[in-house]
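Participant: If you want the building blocks of each chain, they are given just below.
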Amino acid sequence: MDNVLEVKDLATYFFMHDYIIRAVDGVDFTLGRGETLGIVGESGCGKSITSMSMMRLVPDPPGRIISGEISLKGRDILKISDDEMRKVRGNEISMIFQEPMTSLNPVFTIGFQISEVLRLHRDIGKQDAITEAARLLRMVGMSDPEERVNEYPFQLSGGLRQRAMIAIAMACEPTVMIADEPTTALDVTIQAQILRLMRQLKETKDTSIAFITHDLAVIASFTDRVMVMYAGVAVETSTVHEIFKNPLHPYTQGLLGSVPVLGDRKVNADGSRKLLNAIPGSLPDARRFPRGCRFAPRCPKAMKKCWEAEPATVEVAPGHQVRCFLHHDEVRVISKRDLGAAGKRVLKNQQKNSGKKKSSADGSKTDTPTARN
Amino acid sequence: MKALKQFNWRLTFILDALAIVMLVSGGTNLFFAVVLTEGALWMVRLLWLSPAMLSYILRRLAQMVPIVLAVLALGFALIQLAPGDMFSQMELDPAISRDQLEMFRRQFRLDQPWYAQFFQYIWNALQGDFGFSRTYRAPVFAIVGQRAWNTILLSLTSLVFAWVLSIPMGVFAATNQYNWKDQFVSIFAFFGLAIPNFFLAFLLLYLISSTGNWLPLGGMTSVGFRNMTATQQFFDVLRHMIVPVVVIGTSVMATLTRVMRGEMLKIMNEQYVTTARAKGQTENKVVYMHALRNAINPMITLLGFQLGNVMSGAALVEIVVAWPGLGSVLLEAVLSQDLYLVVGSLVYGVVLLVIGNLLADIALALVDPRVRIS
Numbered sequence: 001m002d003n004v005l006e007v008k009d010l011a012t013y014f015f016m017h018d019y020i021i022r023a024v025d026g027v028d029f030t031l032g033r034g035e036t037l038g039i040v041g042e043s044g045c046g047k048s049i050t051s052m053s054m055m056r057l058v059p060d061p062p063g064r065i066i067s068g069e070i071s072l073k074g075r076d077i078l079k080i081s082d083d084e085m086r087k088v089r090g091n092e093i094s095m096i097f098q099e100p101m102t103s104l105n106p107v108f109t110i111g112f113q114i115s116e117v118l119r120l121h122r123d124i125g126k127q128d129a130i131t132e133a134a135r136l137l138r139m140v141g142m143s144d145p146e147e148r149v150n151e152y153p154f155q156l157s158g159g160l161r162q163r164a165m166i167a168i169a170m171a172c173e174p175t176v177m178i179a180d181e182p183t184t185a186l187d188v189t190i191q192a193q194i195l196r197l198m199r200q201l202k203e204t205k206d207t208s209i210a211f212i213t214h215d216l217a218v219i220a221s222f223t224d225r226v227m228v229m230y231a232g233v234a235v236e237t238s239t240v241h242e243i244f245k246n247p248l249h250p251y252t253q254g255l256l257g258s259v260p261v262l263g264d265r266k267v268n269a270d271g272s273r274k275l276l277n278a279i280p281g282s283l284p285d286a287r288r289f290p291r292g293c294r295f296a297p298r299c300p301k302a303m304k305k306c307w308e309a310e311p312a313t314v315e316v317a318p319g320h321q322v323r324c325f326l327h328h329d330e331v332r333v334i335s336k337r338d339l340g341a342a343g344k345r346v347l348k349n350q351q352k353n354s355g356k357k358k359s360s361a362d363g364s365k366t367d368t369p370t371a372r373n
Numbered sequence: 374m375k376a377l378k379q380f381n382w383r384l385t386f387i388l389d390a391l392a393i394v395m396l397v398s399g400g401t402n403l404f405f406a407v408v409l410t411e412g413a414l415w416m417v418r419l420l421w422l423s424p425a426m427l428s429y430i431l432r433r434l435a436q437m438v439p440i441v442l443a444v445l446a447l448g449f450a451l452i453q454l455a456p457g458d459m460f461s462q463m464e465l466d467p468a469i470s471r472d473q474l475e476m477f478r479r480q481f482r483l484d485q486p487w488y489a490q491f492f493q494y495i496w497n498a499l500q501g502d503f504g505f506s507r508t509y510r511a512p513v514f515a516i517v518g519q520r521a522w523n524t525i526l527l528s529l530t531s532l533v534f535a536w537v538l539s540i541p542m543g544v545f546a547a548t549n550q551y552n553w554k555d556q557f558v559s560i561f562a563f564f565g566l567a568i569p570n571f572f573l574a575f576l577l578l579y580l581i582s583s584t585g586n587w588l589p590l591g592g593m594t595s596v597g598f599r600n601m602t603a604t605q606q607f608f609d610v611l612r613h614m615i616v617p618v619v620v621i622g623t624s625v626m627a628t629l630t631r632v633m634r635g636e637m638l639k640i641m642n643e644q645y646v647t648t649a650r651a652k653g654q655t656e657n658k659v660v661y662m663h664a665l666r667n668a669i670n671p672m673i674t675l676l677g678f679q680l681g682n683v684m685s686g687a688a689l690v691e692i693v694v695a696w697p698g699l700g701s702v703l704l705e706a707v708l709s710q711d712l713y714l715v716v717g718s719l720v721y722g723v724v725l726l727v728i729g730n731l732l733a734d735i736a737l738a739l740v741d742p743r744v745r746i747s
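So the protein sequences, as listed, match chains A and B.
Residue 1 is where the first sequence starts when you use the working numbering, and the numbers rise one by one after that.
Residue 374 is where the second sequence starts when you use the working numbering, and the numbers rise one by one after that.
Where hints are given, some of them may not hold.
Stated by the list, open to error - Here are the simulated DMTMM-like pairs of lysine to aspartate or glutamate, each with C-alpha atoms no more than 25 angstroms apart in a straight line:
| no. | chain 1 | residue 1 | chain 2 | residue 2 |
| --- | --- | --- | --- | --- |
| 1 | A | K205 | A | D60 |
| 2 | B | K639 | A | E92 |
| 3 | A | K8 | A | D83 |
| 4 | B | K658 | A | E42 |
| 5 | A | K126 | B | D609 |
Stated by the list, open to error - Have a look at the derived ranges for each label pair, beta carbon to beta carbon:
| no. | chain 1 | residue 1 | chain 2 | residue 2 | range |
| --- | --- | --- | --- | --- | --- |
| 6 | A | G32 | B | T548 | 35 to 43 angstroms |
| 7 | B | V740 | A | G32 | 45 to 53 angstroms |
| 8 | B | T548 | A | Q200 | 54 to 62 angstroms |
Hints in this document: simulated from the structure, not taken from any laboratory.
These numbers come from a predicted model, not from an experiment.
Where a beta carbon is used, it is the ideal one built from N, C-alpha and C, also for glycine.
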């Protein structure tokens, strides 16, 4: 399978007044033609920022992609101009969002909003674009598409709106479609319909999909490979079968363990109530990650080494990468990152503040942005 | 059907052009005829867009009747609460006998209770008689009519001035949030909000008079207005309008700019703005098409209130720059207790307020499909 998208060492930081949020901090993955990659992780782990970075839509300021390479069919889209990037958006990479209720503009008709993307990227007239929009609506399974093109988003239900969004995303037959939790806001029956539609489209158009979700059931049924993200990095990447049968990273194990299983005994052998296996604690503060492995504070298997150095991502079995010292000994070598003028500004504000309150500067001193990278 | 709709649009554009020609060449009656035809065309168009709107408009117009009646009753009752009446001053005049005063009072129905005046007034008004002003010695309708036109002209021009400037300024401030450009616009807006209108008017007049009178200092027309050609007359009035329009417009603009900025900031964070960007749309179109179309709604709602506000706010400025509008008339009328003139001005104000709100509602329906269809 040839890769249409290769992401290498992607890092997106948010430069706030006197601190830096390392939302995405070195993510690597590939996406083959017609393949579906699931990206899972808890809220705030950097899934959505990864997808926004792929579209180059991270709000700047305060966000900025500070390093990495995103090559789409061999072309690094982080290096092209804004104008060229505009030709990529909606055309070669498109996106579906979580909230179908708010992702369509309320004052324009569905037909206009679909034809808009067609007219941006195809040499097509106004009337033809509307006809084409109706065809697309039929393709995503809407009845009476000729009538629907004249309707406004508020006249459609959530499921229909998401179908319209998919029609927009599929309009130019993109190479890659990013779906950022497209089914989270929908009820379960609609969710199944939307997933079936997406699979069908993917198979007929040979589109690659990056599917972001925190729903493991959706991952299991819909994706080919899975990337598990934690605190801005990918901790484990493998085929969906491997991930569910043989999870290697303690975080993945915890994630899978926290799913309730139907028919499971609700009472332990000693008669006490059985609780769902939750991962204790919460995500580390993205302003100040721990020195070693980012999962160490919550990890049941943390060793001394985990607190001292950050593990590298190593392929331990064919197609199975993991970032954990339990499975290898390689330490992550972090490439030097140029934080630019924004980084200098933050550092200056930081020093100004720490000068003001010297007593509380003990912990933060070790972790200034430049000291780490 | 489609061709008919297109014809309707084209006709409106032609009529727009015609209206401007009429205004410039001074054919007032023709101008009104053109405006009325255009209004009718808009109604037809609205009917196409939404049949429900027409019944709504008719309902709103019907609602106007009780409001106007209530204001009238209040007007008559309040004037009677004040001590004396419009003839009290004459009582000191030895040349006027008691009997004569009694006769005057009977003539103006001042000897009757307020509700009797009220009902008599309505009966007369239905026959086209809106009473007689003692101070101006002319029918109220004639006085208010001419003055009202002057005030409307001034207020509408100020509103247009304020809108045309505040929308780009608000968008500009929002898209440059928190940097110096935004701060600059904000300071400008706060200045406009803080400075009293009449003071700004004095300030401008002082500036103009001390730099060589390059603009007229007051009034609406120059000496020799009657002998000018229509075009000259148009530009003469325009020159006289500059100071009051800038003064009234500045305060309106200040509010509108702040509203526009806040609304724009809110909308720019909406998901559909990101969707538009994800389609590959240019930033200009994202801001001016996708975001602005949504941010404009609260501005239109504000327009309805502002029409009334601007009219009353114009009163002070009108007095300062000696604009022959309703402001000075209303002030004089109240001071001399000129009953029918006060009531006439009140009715005019209320009718304008209601119509202003109605127009704003219609405009909102035209812009926002959610209002129009549901």
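Participant: If a hint holds in the structure, say so; if it doesn't, say that too.
Facilitator: How the hints compare with the structure:
no. : hint                                 : verdict
1   : A:K205 to A:D60                      : violated (33 angstroms)
2   : B:K639 to A:E92                      : violated (30 angstroms)
3   : A:K8 to A:D83                        : holds (23 angstroms)
4   : B:K658 to A:E42                      : violated (35 angstroms)
5   : A:K126 to B:D609                     : violated (46 angstroms)
6   : A:G32 to B:T548: 35 to 43 angstroms  : holds (40 angstroms)
7   : B:V740 to A:G32: 45 to 53 angstroms  : holds (47 angstroms)
8   : B:T548 to A:Q200: 54 to 62 angstroms : violated (41 angstroms)
Of the hints listed earlier, those the structure fails to meet are numbers 1, 2, 4, 5, 8, in rising order.
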